[in-house]
Amino acid sequence: MQHQRTFEALECSGLSLGEVVQHYLNMGGSMDELEVDAYLHGLIPLPAQERDCISQAVNELIDDMFSGGSYHCCRAPYSPEHRSNLSRQSPPAPPARLRSRLRARATRVDS
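UniProt numbering puts the first residue of the sequence shown at 1, with every later residue one more than the last.
Don't read these hints as lab results, they were simulated from the structure. No false leads were mixed into what you were given.
Derived Cβ-Cβ restraints for the label pairs, each shown as a range: (1) Ile44 x Arg103: 31 to 37 Å; (2) Ala104 x Glu81: 32 to 38 Å; (3) Ser67 x Met27: 16 to 22 Å; (4) Met1 x Arg103: 28 to 34 Å; (5) Ala104 x Pro47: 31 to 37 Å; (6) Gln49 x Leu17: 15 to 21 Å; (7) Met1 x Asp63: 19 to 25 Å; (8) Arg103 x His41: 26 to 32 Å; (9) Glu33 x Gln4: 16 to 22 Å.
Positions of the beta carbon are idealized from the N, C-alpha and C atoms, including for glycine.
Modelling step: build the complete structure from the supplied sequences, incorporating the hints.
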């Protein structure tokens, strides 16, 4: 179920798979784009740590895209065993280049 809700959050936000995979890899993820795509479509299982890293990448990009807080979008869920660990960590900031692209996209969406 985590893969399905993560995919729904990605689709709802308008993020591309490429953006999510790039951010996921920058965060330390180890799966390639094909594996992430297969996971999101329920074709392959991934370890909880990889699933949570993908969810965190989606959620961080959504947060950056809609920094004004005016969005009605799904959130990607975390696995139960890692939820408490992730909530205690500060997520890394996305690269400035990505932040500016996401802000530009959010501006286009608001227009």
